[in-house]
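There are 2 protein chains.
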Amino acid sequence: MLIDRPDFVQALDANHAWRLMNTGATVIVSAVHAGQRNAMAAAWNMALDYAPGAAKCAVVIDKQCFTRGLIEKSNRFAIGVCVREGAAACMALGSTSANNSPGRDKLIPLGIDYFDGEPHADGALPLTLGCAGWLECERYPEPHIEQTYDLFIGRIIRAWADARCVANGKFLPLDQIPPELRTIHHLGAGNFVVPGEQFSP
Amino acid sequence: MLIDRPDFVQALDANHAWRLMNTGATVIVSAVHAGQRNAMAAAWNMALDYAPGAAKCAVVIDKQCFTRGLIEKSNRFAIGVCVREGAAACMALGSTSANNSPGRDKLIPLGIDYFDGEPHADGALPLTLGCAGWLECERYPEPHIEQTYDLFIGRIIRAWADARCVANGKFLPLDQIPPELRTIHHLGAGNFVVPGEQFSP
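Which chain is which? The protein sequence lines are A and B, in order. Sequential numbering of the first sequence, starting at 6, is according to my numbering. Sequential numbering of the second sequence, starting at 6, is according to my numbering.
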């Protein structure tokens, strides 16, 4: 359900937000159009550009995903970088489709808590709890690669981070991040790994 | 230098190899053309398709990278999924360009050990040690996204895996993988995290 934005969620410089995608965590992709909200899980995602003012990311979104239709209509989506306390929500979002939910709403039936992104005429993007950060993106329409590869590209226009695990646009040193706030990385079939050690070669 | 393929390197079904990219590890991209070999590090990569016979991946390769020219000429590249024992090689490959090396060779000066991929008229792809698996890919030429986003797409046509950490096309359970054979995930500025725990929500 919609909640107030928690105090630990703080604005993050959109130019630095790509860093949160650098370690390859599983993400939640969310979108809104005409009052319809949805969110889905996506293991296939990456940063694409770090140029200030043009920072971008890419994510694979299957044609069967209800969220994809919302993105195609609204030209916006959000990427939430999942952490362990959001793993159950991530699994639930990744294994249920709004196509099969009454009113095409799965956030309420699944008990997913989210807060609003930046106000927008089309509705605020739903940002689900259980993420280290959230990147609000403007879709770069690329019909050929969207159709051929299900690949969507977004310019990061606004970002938020959980101040308990991110500061100054970077993850805190891993030993300062509580286990439940560490990123999750999908192996497949509902199995994940989480970082246990940080090092510099 | 070129070494014989180690015994722990075994053929992997190319249809399953995308799984090794699912957790978002940093990779080594390598290529060969007309006897010229090179390899580079890339944090921005992802699987793109798991359809049998059409499994694909995507990777971001900057225009300044010497490896990119080899890929554009040969239409082939390899992705090596880095593990901790290859972290120093990954850093070295990521911070040195063949453009500045005598004879445009950096593998020999950097002391990078590699073995040959499948024989090919254009030369075998150099597969560097220190990876959990290697995906030999055929480039899907997509000039627009290559130029605009530096994004390269490959169809996975052959694959290899380190049998000490991968079996039946999947990573072994994490507690069976020695620390030096766990994947590395780049935070930025030469700092990496490695998986420490596996779980299912």
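In short, the hints are calculated from the structure, not lab data. In this text, a Cβ means the ideal position worked out from N, Cα and C, and glycines have one as well. Careful: at least some of the hints might be erroneous.
As the list claims (entries may be wrong) - Result set (BS3-like, lysine-lysine): computed pairs, CA atoms no more than 30 Å apart in a straight line:
(1) B:Lys68 - B:Lys78
(2) A:Lys175 - B:Lys68
(3) A:Lys78 - A:Lys68
(4) A:Lys175 - B:Lys78
As the list claims (entries may be wrong) - Which residues of chain B face chain A? A partial, calculated answer using Cβ under 8 Å:
(5) Leu7
(6) Phe13
(7) Val14
(8) Ala16
(9) Ala52
(10) Pro57
Results of checking the hints against the structure:
A hinted pair counts as satisfied when its Cα atoms are at most 30 Å apart, and B:Lys68 with B:Lys78 qualifies at roughly 14 Å. Restraint check: the Cα-Cα separation between A:Lys175 and B:Lys68 comes to about 26 Å, which is no more than 30 Å; the hinted pair holds. Of the supplied pair hints, the one linking A:Lys78 and A:Lys68 holds, its CA atoms being roughly 14 Å apart against a limit of 30 Å. Between A:Lys175 and B:Lys78, the direct Cα distance comes to roughly 37 Å. Violation of the 30 Å bound is thereby established for this hinted pair.
The restraint placing B:Leu7 at the interface with chain A is violated, with a minimum CB-CB distance near 23 Å, outside the 8 Å limit. Given hint, B:Phe13 at the interface with chain A, is violated; its Cβ is 21 Å from that chain's nearest Cβ, farther than 8 Å. For B:Val14, the interface hint is violated, the least distance from its beta-carbon to any beta-carbon of chain A being 21 Å, above 8 Å. With a least beta-carbon distance of about 20 Å to chain A, the hint placing B:Ala16 at the interface is violated under the 8 Å criterion.
At a threshold of 8 Å, the smallest CB-CB gap from B:Ala52 to chain A is about 5 Å, leaving the interface hint in force. With its C-beta approaching chain A no nearer than about 15 Å, B:Pro57 sits outside the 8 Å limit, and its interface hint is violated.
Comparing the model with each numbered hint stated earlier shows that hints 4, 5, 6, 7, 8 and 10 do not hold.
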